[in-house]
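Heads up: the protein sequence lines correspond to chains W and H, in order. Going left to right, the first sequence walks through residues 1 to 330 as the numbering used here numbers them. Going left to right, the second sequence walks through residues 1 to 286 as the numbering used here numbers them.
No wet-lab data here; the hints were simulated from the structure. Model, not experiment: these values are computed from the prediction. Do not take every clue at face value.
[What the hints assert, rightly or not] Straight-line alpha carbon distances no greater than 20 Å define the calculated DMTMM-like cross-link-like pairs of lysine to aspartate or glutamate that follow:
1. LYS23(W) - GLU94(H)
2. LYS166(W) - ASP155(W)
3. LYS115(W) - ASP134(W)
4. LYS221(W) - GLU76(H)
5. LYS232(W) - GLU139(W)
6. LYS232(W) - GLU197(W)
7. LYS24(W) - GLU266(H)
8. LYS232(W) - ASP167(W)
9. LYS169(W) - GLU323(W)
10. LYS23(W) - ASP36(W)
11. LYS221(W) - ASP155(W)
12. LYS31(W) - GLU94(H)
13. LYS120(W) - GLU317(W)
14. LYS31(H) - GLU76(H)
15. LYS52(W) - GLU69(W)
16. LYS221(W) - ASP292(W)
17. LYS330(W) - ASP306(W)
18. LYS52(W) - ASP292(W)
19. LYS31(W) - ASP43(W)
20. LYS44(W) - GLU266(H)
21. LYS44(W) - ASP55(W)
22. LYS88(W) - ASP155(W)
23. LYS24(W) - ASP91(H)
24. LYS31(W) - GLU74(W)
25. LYS115(W) - GLU129(W)
26. LYS23(W) - GLU266(H)
27. LYS23(W) - ASP91(H)
28. LYS31(W) - ASP91(H)
29. LYS283(H) - ASP91(H)
30. LYS24(W) - GLU76(H)
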Amino acid sequence: MKNIACLLLTICLLASCDRAFLKKELSTSDKFRNFDYLWNEVDKKYSFFDIKNIDWQATGQQYRSEIREDMSDEAFFNILAAMMNSLKDDHTNLISPFNISRYNIASRHTSQIHKPLLDKLFPEAMSTEAFFHDWVAGEHIGYIRYSAFTNNFSDAALDYVLDRYKDSKGIILDLRDNGGGIAANVGRILGRFTQQELLVGYDQMRNGPLHNDFTPPIPIKITPQGHFFPHKMVVLTDRGSFSATTFFALSTKAFNNITLIGDTTGGGAGLPNGGELPNGWTYRFSITRMLDTNHQNYAENGVPPDHVATFDWTRPETDAVIEAAVNFLK
Amino acid sequence: MQHPLLSFISLLLTGSVPLFAQHPGIPSFPKRYNQTALEVGLGYFRMQDRATSPLIYNGPGISVGGGQHFITARSETRVHILAGAATQVSDAPEMPLNTTHNAYFLIGQFSAQHLRVIPAFKNNRWQLWAGTKAAVLGDLRINNGLMNHALGFELFGNLFGSAKVQYNLPRPSRKERYPLLWQFFAQTHIGILNFNYRPGYNYLSSKATIGTQSSKAPSDPATSYALSLNGFRAQFEIGVIRSKFAGFQGQLSYAWDGLYAPGRYEAFGLVTHTIKYTLLLNKLRK
């Protein structure tokens, strides 16, 4: 009996030692402490303060003054969400059990694509894994729609699609309203359009408390992959082209045989992290940034097209952006 | 009646021999023998990774391990491997809608320790041992709620100063062929040199390579992970070894392990409480 009591006493003593290794008091629903935690995390780790033109200190003071400890969780969420949305970055989200905040940059601009029209323009289109594709009627030009970088595909499928148009004048890759996804798919596609390794930009990550503390720029290169496509490609973008699609659009600037047509992309040129607040809500925001080959940092605000083309909503039965691409390739 | 499992094991270990002479009083130890240890444990795993969350993740887990012990009258050397797995829940405060998250936690550890008995503190009943221990521990944590921080891993290397006190209690039994020996022990390991390799200021767990990037790409752990010589680790174990019959021993113990790696924004803490049962299979050394 004495031994068991001794054992229990030892366990209790050691359990109290846990405090030296774990800080239990950090878990709290206190609204001010949650606000300060989130503000500090963004301040210390967000990667685009320089081109967002935001006074984060003033932003924090403004929203903190609106907090009341007795306010509802919903009202508190809205304040945090508004602060996060001031970054104008769709890689920035606050996630609670009852709502998810998002800036939704695409909804703030006129859409340059009318998706139902694509089925009418390409009624006999093939669906090869993630790609919807066909010949443009009356032209020797291929049209390939890749709607989301989250949709994966095999190398064989990609080669099959490109081989189908290998004797064409060129192809149109439609990335309008492509919200991004698997960034590795960027290199897999672009690797078919070069026969040598190509520098397409640089990557950096925030690594210190000052807003301009970053790791040295790391070169991003595209290496040849799969079947080389020997003709021109036009890539269609708009403000709904976000994240991996922005990486893709920025990378195309290094290719002589690829042209961007449409509208500026939606940005999202940083990879987001993930984290948790003291009350258990979660968040994410960008902690890296992609620069172009001249070390210029602009892609987060959108990659501009080489030729602007907009959808003509007075003629919704035609796709003026695709028409512009066809005219370019002709 | 010997348990069938133990009979099977004894068949495998044909070299197993009685370790304790058959006479009343304190059984005598052979001068040199080896032990194969097989252990299973039920634990409570607690983890706090402030690189991703201020919350503590707690939950039950299991561990299995094994090792080899090389024991003489004056020293013992133990080499062990251990693997553990746990499911954990965050200690988020109570709110109208549940805000806790679940995580999976895996650990693996290799350790080696060498203790020598201190002659001045040795008699038939009591033994005091001192020495050192080295351990390398790796953990993998999976928490889908943390998005691009869903996956994290750490490596810890520690060199400890170690001490063990042991009390031998003979319990002659009429029912058993051999006398029972109870060995009560308590041992502690205090970290002297503590290394850790873990996320630094910022990190990404998702390998989001855009093109062909070097291993220093931001999405590569090599970029953001840092090797540091700091922190602290301590271990404590209390238990009893029951020598029920010759050649085999059973050990029941409680082990506490606490580990801390500092950092202004990315401090890490890990504590485990484990109740372990260890089967010790003895073999004389020639």
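Hint numbers the structure violates, sorted upward? Those not satisfied are hints 4, 15, 22, 29 and 30.
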